[in-house]
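Asker: One-letter residues, chain by chain:
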Amino acid sequence: DAKTTQPPSMDCAEGRAANLPCNHSTISGNEYVYWYRQIHSQGPQYIIHGLKNNETNEMASLIITEDRKSSTLILPHATLRDTAVYYCTPRRDDKIIFGKGTRLHILP
Amino acid sequence: SAVISQKPSRDICQRGTSLTIQCQVDSQVTMMFWYRQQPGQSLTLIATANQGSEATYESGFVIDKFPISRPNLTFSTLTVSNLSPEDSSIYLCSVDGTGMGEQFFGPGTRLTVL
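Which chain is which? The protein sequence lines are A and B, in order.
Those letters in the first sequence? Residues 1 to 108, per the working numbering, in order.
Those letters in the second sequence? Residues 1 to 114, per the working numbering, in order.
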């Protein structure tokens with residue numbers, strides 16, 4: 001199984017860029033990496049995904065290393081509403097298996 | 001994105017009873033997923049439910065304890081049987097999204113077993 005490793009928690013000042021790392025060194029060549037976040041007491045929310053190239057949408061940017069062994073989710077201007085648990089996960093066999101994620105605290 | 005509703009939003013049940021959770025989607029979807037989130041933990045996939053076929057259960061989950069129905073492309077139910085306090089969790093329904101592999105999640109059902 002492609003396992004992911006994320007720091008258990010991170011702090012970021014409001015207004016600054018939040019950079020969340022994820023190690024997925026065992027990911028297969030055709031597996032996409034997906035990022036979700038879960039705000040307290042809500043269902044997870046899809047953020048972004050990628051395979052090889054860097055991706056950007058209205059929520060975030062995703063930087064994937066050339067060897068695909070790690071990626072970084074970037075929230076360009078973090079706000080208090082970005083406080084959540086962020087999950088990095090590959091998709092295999094048409095399903096998503098969640099790891100422990102990173103608890104991101106945005107500091108005012 | 002799909003809009004997903006779950007009923008009930010929360011419930012308190014007695015040991016030994018069962019609870020059936022409903023998941024309704026506002027559009028037709030092929031794959032539906034049921035997850036469990038124990039207090040302070042990440043999400044654990046219970047099973048995948050495709051319309052017209054038996055649900056596929058993950059390791060550690062069995063049909064007798066978590067029977068699932070999938071009668072059509074917009075609806076599914078998960079029953080948690082023979083409840084014990086260890087079943088106290090949030091149960092979440094999820095569906096495949098727009099074809100890019102992303103999943104959308106319902107708001108969850110918070111179950112407390114006394």
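Hints were generated in silico from the structure; no laboratory data involved.
Don't be surprised by glycine CBs; every beta carbon is placed ideally from N, CA and C.
Mixed in with the good hints there might be a few duds.
Computed beta-carbon distance windows for the label pairs [said to hold, decoys possible]:
| # | chain 1 | residue 1 | chain 2 | residue 2 | range |
| --- | --- | --- | --- | --- | --- |
| 1 | B | Q38 | A | K69 | 41 to 49 Å |
| 2 | A | D11 | B | P39 | 35 to 43 Å |
| 3 | B | G101 | A | R81 | 43 to 51 Å |
| 4 | B | Q51 | A | P8 | 33 to 41 Å |
| 5 | A | R92 | B | I12 | 34 to 42 Å |
| 6 | B | Q41 | A | N19 | 22 to 30 Å |
| 7 | B | S81 | A | N57 | 15 to 23 Å |
| 8 | A | Q42 | B | Q22 | 15 to 23 Å |
| 9 | B | D11 | A | T65 | 25 to 33 Å |
| 10 | B | S1 | A | T79 | 36 to 44 Å |
Asker: Next step is simple, just say for each hint if it's right about the structure.
Answerer: Structure-based check of each hint:
1. For B/Q38 and A/K69, the Cβ-Cβ distance of about 30 Å falls outside the hinted range of 41 to 49 Å, so the restraint is violated.
2. Taken as a hint, the range 35 to 43 Å is violated for the pair A/D11 and B/P39, whose Cβ atoms sit roughly 24 Å apart.
3. Distance hint check: the CB atoms of B/G101 and A/R81 are about 26 Å apart, inconsistent with the given range 43 to 51 Å.
4. Look at B/Q51 against A/P8: about 38 Å separates their beta carbons, and that is inside 33 to 41 Å.
5. Taking the beta carbon of each, A/R92 and B/I12 are about 36 Å apart, inside 34 to 42 Å as hinted.
6. Against the hinted window of 22 to 30 Å, the Cβ-Cβ separation of B/Q41 and A/N19 comes to about 25 Å, which satisfies the hint.
7. Roughly 41 Å separates the CB atoms of B/S81 and A/N57, a value that falls outside the hinted 15 to 23 Å.
8. Range check, A/Q42 to B/Q22: about 19 Å between beta-carbon atoms, so the 15 to 23 Å window is met.
9. Judged by the Cβ atoms, the range 25 to 33 Å given for B/D11 and A/T65 is violated: they are separated by roughly 45 Å.
10. Against the hinted window of 36 to 44 Å, the Cβ-Cβ separation of B/S1 and A/T79 comes to about 21 Å, which falls outside the hint.
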